[in-house]
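Participant: Sequence:
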Amino acid sequence: MVAVSLLVSACDVTSYLSSSPPGPYLQEAYVIKPEDKIKHPPILPPHLLQVLLNKDTGISCDPTLLPEPNHVMLNHLYALSIKDGVMVLSATHRYKKKYVTTLLYKPI
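Numbering (my numbering), first residue to last: 246 to 353.
Calculated from the structure, these hints are not laboratory results. C-beta atoms are modelled at their ideal positions from N, C-alpha and C, and glycine is treated no differently. Don't take each hint at face value.
[To be verified] No more than 35 Å apart at the CA atoms, straight line, and that leaves these computed lysine-lysine pairs for DSBU-like:
1. 328 - 342
2. 341 - 351
3. 328 - 343
4. 328 - 351
[Stated by the list, open to error] Restraint ranges, calculated between C-beta atoms of paired labels, are given here:
5. 310 - 279: 25 to 33 Å
6. 270 - 331: 21 to 29 Å
7. 288 - 350: 23 to 31 Å
8. 307 - 328: 38 to 46 Å
9. 286 - 319: 17 to 25 Å
Using the sequences plus the hints, can you model the full thing?
Facilitator: Dropping the structure here:
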């Protein structure tokens, strides 16, 4: 009974649908306006400026533990500024309720 009612509903919907999208069709090419060419890239969102590795841990905390990352910090590659000839890259991933931060040190 349910399959029959679904089939009837599907037939009703297809009778109202058009085979072509709405709106007129034109032969004119799209012209890029001068103000569209000058657009600058978007500014970096402020929550991505909070690099997890630059945060201080409390004195009572284990120094190897980092604070819990924000959901927008996950799966991004972070590069710290080069200090003492070493470049540091990091990425944080989540697996269930655990967070794993991977660090790559590259001498330059």
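Participant: Indicate, hint by hint, whether the structure satisfies it.
Facilitator: Right, here's what the structure says about each hint:
In summary, the hint linking residue 328 to residue 342 is supported, as the alpha carbons are separated by about 33 Å, within the 35 Å threshold. Taking the CA atoms of residue 341 and residue 351, the gap is about 30 Å. The hint holds against a cut of 35 Å. About 30 Å separates the Cα atoms of residue 328 and residue 343, which keeps this hinted pair within 35 Å; it holds. Taking the CA atoms of residue 328 and residue 351, the gap is about 11 Å. The hint holds against a cut of 35 Å.
With their beta carbons about 53 Å apart, residue 310 and residue 279 fall outside the hinted range of 25 to 33 Å. Under the hint 21 to 29 Å, the C-beta atoms of residue 270 and residue 331, about 59 Å apart, miss the expected range. At about 30 Å, the beta-carbon gap between residue 288 and residue 350 stays in the expected band of 23 to 31 Å. Between residue 307 and residue 328 the CB atoms are about 24 Å apart, so this pair departs from the stated range of 38 to 46 Å.
Here the CB-CB span from residue 286 to residue 319 is close to 22 Å, well matched to the stated 17 to 25 Å.
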